[in-house]
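Each chain, letter by letter, is given below.
2 protein chains.
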Amino acid sequence: MSSGSNPESSSSSQLFSAESYFATQPSPPALDADVTGVRTFIARQAKAGRRVVLVTSGGTTVPLELNVVRFLDNFSAGTRGATSAEYFLSAGYAVIFLHRQHSLQPYSRHYSHSTNPFLDFLELEQIAEPQAASLTLSSQTSSPEPIITVRSSDPKHLHTVLSAYKAVHRAGTLHTMTFVTVNEYLWLLRAVSKELNVLGRNAMYYLAAAVSDFFLPREKMSEHKIQSGKGSLIIEMDQVPKILKSMVDEWTPEGFIVSFKLETDSSLLVPKARAALERYGHQVVIGNELHRRKFEVVFVARSAPPSPEHNRDCLEDASSQIEETWLRIDEQIAGAGKEIEEDIIYELVRRHSLWTRSQIRV
Amino acid sequence: MSSGSNPESSSSSQLFSAESYFATQPSPPALDADVTGVRTFIARQAKAGRRVVLVTSGGTTVPLELNVVRFLDNFSAGTRGATSAEYFLSAGYAVIFLHRQHSLQPYSRHYSHSTNPFLDFLELEQIAEPQAASLTLSSQTSSPEPIITVRSSDPKHLHTVLSAYKAVHRAGTLHTMTFVTVNEYLWLLRAVSKELNVLGRNAMYYLAAAVSDFFLPREKMSEHKIQSGKGSLIIEMDQVPKILKSMVDEWTPEGFIVSFKLETDSSLLVPKARAALERYGHQVVIGNELHRRKFEVVFVARSAPPSPEHNRDCLEDASSQIEETWLRIDEQIAGAGKEIEEDIIYELVRRHSLWTRSQIRV
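These protein sequence lines map, in sequence, to chains A and B. Heads up, our numbering is the position in the first sequence plus 1494, with the first residue counted as 1. Heads up, our numbering is the position in the second sequence plus 1494, with the first residue counted as 1.
All clues given are correct.
Not the full set, but computed from the structure, chain A residues with beta-carbon under 10 Å of chain B:
#1 Ile-1641
#2 Ile-1642
#3 Thr-1643
#4 Met-1731
#5 Lys-1766
Just so you know, the hints here were simulated from the structure itself, not pulled from any lab data. Here a beta-carbon is modelled for each residue, glycine too, at the ideal position from N, C-alpha and C.
Hey, can you work out the whole structure from these sequences and the hints?
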């Protein structure tokens, strides 16, 4: 990275493999504690016979400075991940929710600090002053104590969300972990995958986080805030290694792995999703276009079993046996509160069940 | 911007003035509506004889694509701005709170969705089933209705915050506006400054937002998501024009303008703050070092009147008449809940009062 009017004329980028990445980039300080926590959680779920899904959610950052003031970010509020986690929990899964710090979380997402400000739900009620006629000696009564009450415009919804939240906490089926940088994300993904591998085919990976394709290797980072005033800013970033390949081949070969492909150019969506599936050899790529992501997604997978409930357009490619299944919901129905994640998770649970019963890779 | 293994060898950056910036970069679609809203607010406050402060808060983004997937961001949760807004309100100011969408806001900041999850404050209480001995016909009673109650570990604090929040809403002294990108920020800052200019010296500007020094001109932005797989990513950004100069010279020459200077290298803090004050000719630069910002800040200003209450180190520079005043609070006291913003706002209100009474620039 440089700040100056003359960009460097030669590139110093290198190509990182997953192996060289983890050999050269520093692990997060809390990694050991995070691993211990998730290991305990997984052991408890295994004992209870529950399937476990790792849901990743939110965008990763790429800090430009060691004392970070500026960073590259990937757009994601965490809606897809937080919503999906709720449907996995209600389908009986235990969920490891690995999310960007301060991104949306299951249940509380309905009342995030901006869309439904918490304080607007609370009312101060002053207990009425004693009436003059009641002859109470006001000098003996302490000043009236206000009471805080809950006032919701949709108490039924609040009650439903709160009940589900409390039930999940009682059952202990939700384990949350946080990342900020893409480096933290990669280290945690590897660690959790290796831990979840003990569950074999009962583990699912739902990789909804918006992960940067590029990063700045530690040795290229500026220690202090990059100074302005010297013309333009030039940043050169290296490619993040393709860790899906390592997940499939090494970390969790029996896991049911679902990745996401987000595009803004819809003509690229299916070709890129198919290419990812062929390249990494995992189970499902869910393609979504940025502006249509709440209304339609496409499942790209090898020989997916038929699902008569859903309106689907099948395109079979005989040579690769990869097929596309579209899930769509009506925009009006979505406006009335129906979430496409409900259908996505329903379909994935069905496919995961088939996966756990099969002995060979589908 | 380019994605490829060979960086471009020639720079295409240009130097934008404020004038050429606004002449070439698009205004946000909601600008007119935002201006109408803030104009009404300012008129109401002017009628009530209140001083008005514009508080900017949170970090700006620089999108890399028109259909934005990736963006550069400036680190800021919005704590300084949200906290300061509360102290301005309690000092009798009306506040225009121009903040990054989803960053912290006054009052609700105490209960943000991550640090104090809202749902943990609520309890479901099931009303007890009728006792068998009570002989109530259970077939006639509907199933018991659960009641939602508020449970806080610190009810006194919740009560204080809630009371202040409700009082401000009743008084109508807080007006919130949001930005995401640095472009939106710059357009809104200019528009609000021009509106606030009607208040003359009764307007204050407290520019606590973390504003990018660099941006990507519209004509250089990629329409769609930048594709990976072609080697490294190279981004070249242009410098954001120095709009403080325009604020002082054109938009709001009588306003009391406070800017912030954040550094991670403490040796740069005072020199950079002094340089900013000399360059732009506004009233106060508040310097803060990233890791000490909750415990100490330095006011850099011309001939500030003495303030005996505060522990201060004065360094007079006879040639420029610029002096530095440190405000410090003890880390232990800060840990017990004392906020340095209380002292910052106290000192600024004092200086602003002097400013409103003076006829010449101090």
